[in-house]
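Colleague: Letter by letter, the chains look like this.
There are 2 protein chains.
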Amino acid sequence: MASPPRPPPASSLAPIKVPMELHAQNREKLTHALRQHLAASSRPTHGFVLLQGGEERTRYCSDHVELFRQESYFAYLFGVKEPGFYGAIDVSSGKSTLFAPRLPADYAVWLGEIKPSSYFKEHYMVDMVFYVDEIAEVLDRQYGGPGKPLLFLLYGLNTDSNNFSKPAVLEVPLSRPSLQLFFYCFVGLWGPGMEKFDTDLDTLHPILTECRVIKSELEIALIQYANDISSEAHVEVMRKAKVGMKEYQLESIFLHHVYMYGGCRHCSYTCICATGENSAVLHYGHAAAPNDRTLKDGDMSLLDMGAEYHFYASDITCSFPVNGKFTVDQLLIYNAVLKAHNNVLSEMRPGVSWIDMHKLAERTILESLKAGGVILGDIDDMMAERFGAVFLPHGLGHLLGIDTHDPGGYMKGMEREKEPGLKALRTVRTLQEGMVITVEPGCYFIDALLVPVLENPNTSKYFNLNEISRLKGFGGVRIESDVLVTSQGCKNLTNCPRETWEIEAVMAGARWPLDDSASAASS
Amino acid sequence: MASPPRPPPASSLAPIKVPMELHAQNREKLTHALRQHLAASSRPTHGFVLLQGGEERTRYCSDHVELFRQESYFAYLFGVKEPGFYGAIDVSSGKSTLFAPRLPADYAVWLGEIKPSSYFKEHYMVDMVFYVDEIAEVLDRQYGGPGKPLLFLLYGLNTDSNNFSKPAVLEVPLSRPSLQLFFYCFVGLWGPGMEKFDTDLDTLHPILTECRVIKSELEIALIQYANDISSEAHVEVMRKAKVGMKEYQLESIFLHHVYMYGGCRHCSYTCICATGENSAVLHYGHAAAPNDRTLKDGDMSLLDMGAEYHFYASDITCSFPVNGKFTVDQLLIYNAVLKAHNNVLSEMRPGVSWIDMHKLAERTILESLKAGGVILGDIDDMMAERFGAVFLPHGLGHLLGIDTHDPGGYMKGMEREKEPGLKALRTVRTLQEGMVITVEPGCYFIDALLVPVLENPNTSKYFNLNEISRLKGFGGVRIESDVLVTSQGCKNLTNCPRETWEIEAVMAGARWPLDDSASAASS
Ligand SMILES: [Mn+2]
Ligand SMILES: [Mn+2]
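Residue numbers (the numbering used here), protein chains in the order written: chain A, 268 to 790; chain B, 268 to 790.
The shape of chain A in the complex, shown without the other chains:
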């Protein structure tokens, strides 16, 4: 008996090698930028960059240890996956030192081999490795000069969270942040153990953040890989989504694909698996809205999911009808968003303002909604009144890297816009070669936004009221790709079915990418 045809392999991908040169390059880039900055301001080009890596945390008072993921600035410079490390870079020589935690002997019984310093030196490609309790002594010896060595510590605002990064602290006996604050407030020093050093809290953060904004080739390769496996996982989800399933089952399929075949243990963010009316909730999927709705015939789904590989993120959104076939309304809204996405990609290049890209996406969506009869009136008037923010209340996209919302969106002197839509932008920068930024236009029918503009005669005039009342329960559509700015234009790192006929073909069982016959037949 002939055996049945073998199913295609579950994935065409396998985890790629992680080059630790990436982090050595990141350190070199920082050292170079820091020296330039110091020289330009006539300051001595010596001192140490000192960063404290993250620590494992337990859940409240219990001994439940959360799976550790390294702090992102530390990951950028050192690539260390283990908790409890510090890292230093000598600004004048560029030499790097890791400080490993001194592990108790019974670590070997409970948690595994206690690796020697030589292991970390070789694995992480640093110049030296010592223990955390040796930091002050080692840096003082390396310095060797008169007076106190200068430490450049990381302290600055994250413009997405409004949180400040926490500068390294040495030997905090109670390991309590309160003690830290006490020292800072009353002793006037950044932390106990710091009295042997001069500290600079201002210089490092903006320079290191700026380093992270422009990606190296090695970084881009990891972001590309995270995109490859996540794109493939999105296709897998699309193929398996069926009416009657739960939203979280789509999440589970995605998580399994990127881990099983891609080696991605972490995702860049909690999966947003929104269907039906939930697709109008921009950040659905968190603990209070945990992807627990049942998929219904006629629903749109909006799936925003991305895997992380060796710290580097992907951030991808696909929207599709859960029954595999677009309705007329779904075609209208989806294609409005797709056109915005494509228009932005065709305009992106170095020198272009991201605010202009946001406005281009917004205008494109408004034009399509007008052509579809959903709204009426003059598009320029709507743009001037920021009416488009009703449908696209979030920013067009954000820098992407070791953080999903990578820092550096607003550097010193860049002001956040005040107007609807624009004020939500996570960056207002001009595009530069080497930036990776998400392009994620959306069009949503959100009650909380529609009700006030429908009640206001200045804005209600723009609506075709019949159409809008029909679309009120539509939910929303978002299409999100991760895009690299190149010297002449841009490159889309994401590879998912985007045209409606591509989506319908894949959901009907076609392979992705479509082969020529499928493409020819459908187009």
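Don't take each hint at face value.
Pairs count within a copy or across copies, as identical chains cannot be separated in the list.
[Said to hold, decoys possible] Below 25 angstroms or equal to it, Euclidean Cα-Cα: the simulated SDA-like pairs (lysine to any residue) are:
(1) Lys606 / Pro617
(2) Lys388 / Thr561
(3) Lys679 / Gly740
(4) Lys507 / Glu652
(5) Lys513 / Thr561
(6) Lys606 / Leu305
(7) Lys415 / His299
(8) Lys433 / Leu334
(9) Lys509 / Ala277
(10) Lys463 / Asp559
(11) Lys362 / Asn759
(12) Lys507 / Ser278
(13) Lys728 / Asp373
(14) Lys296 / Pro473
(15) Lys362 / Val480
(16) Lys509 / Leu305
(17) Lys433 / Asp645
(18) Lys284 / Asp559
(19) Lys592 / Arg737
(20) Lys728 / Asp783
(21) Lys739 / Pro617
(22) Lys507 / Pro274
For the record, the hints were derived by calculation from the structure and aren't laboratory data. Since the structure is predicted, the reported quantities are computational estimates derived from the model, not experimental observations.
Using the hints, position chain B with the ligands against chain A.
Modeller: Relative to chain A, chain B with the ligands alone:
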């Protein structure tokens, strides 16, 4: 053409309904116990239990929000999945109040529907719902008496983590723990906002912890379900494990199974997927040892994985040869552990000391090792010298509930033993009906433990040196089940293949539970 036989369904299970009565019962149990305690010490039986639920946290300075999981004591009493709540119970009336966070208007755009108080009242079956900023006013009004109302706050030691639970605090303007400490140290009050109340930090913790130790029928049903889906997922992993795979692929199969078919978004703890020499690392699988080894022919695997369902844990370990066939050595070690596991289950009943159960497991393993020629000499001598702790360095098991290591293992007056093995016990209690406790004997060949005892003539005499040098790279075996203490004995809530021939049959493709023909043929 006849269609091929349909594959069996991926799971025989589906998520069960969660009864919120469970938490109402938990509150009643606490109120009853608290009143009894107060009456017995001639104190007035009024006041309020006030607990603060957990908050969402971001990763370091970024806006990356970790997936929220409720603090366990709060989960026990209120079952609330959303962050930012407080809960109060009036000790005299037993009436319960939830305090919900007042959400900003744009929550509806970004995070979802702002649910009315009536929703929480009905869903969580409490008597009243107010906002967090109304706590002081509401409790004062409910109290109505002279003087200040008394608050019973949660403060006490977790004997697994050595951390203290954090008592509720009201209106901390900076939401900084440092401010809290400042108030406590310098103002002498537990927290700003607390000056309107008398506070009691001592009474609640031991009583509430003791409530958690004995499980209700509704609690047991959830632990049983978590066990059912996790047992099934372990079988799925057993069936799919193959030489050449990565350890994390076993983790991914497990996670997918419990989420996709069981609706379990959280696991009780980070999966331990240890193969080969890693199976001698008791808590393998964390970020510094991330399940990344390739499975080799001849390896044992030790997989400790359990799903959580509506806060309630499972904690299951299976050990099996990755190639599906036990070697002679693997049979010896595995059956030594299985016999210990089974002997303990046959002895467990109310009134039995857990220390005795640990010793029974240890003795059983030593006897098997002696019968197998691995060790030599008098078992009583070995027991007296605590020699068995070389092979079984961890405790036999722990209470299981909303935490994997559920609190209450050591109540007031119970001392931790000092001797090897026994000092690692997470509880030294006498078994009581309604306890759920893990039974997880293991036998490991851990270099860090073997080397010193081999170098010491007092202990090296017990070894057959040829055998032990051959077994040094063996790794380890653990068999872990979750066991309910019943009135007459105990009930194993876990259902995985345990006999070696059952494991081999399942790995060769047999269904689990084995049907009669498979059982008959193999036994
Ligand atoms: Mn995004
Ligand atoms: Mn356990």
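Colleague: Find the hints from earlier in the document that the structure breaks and name them by number, from lowest to highest.
Modeller: 3, 4, 6, 10, 11, 16, 17, 20, 21
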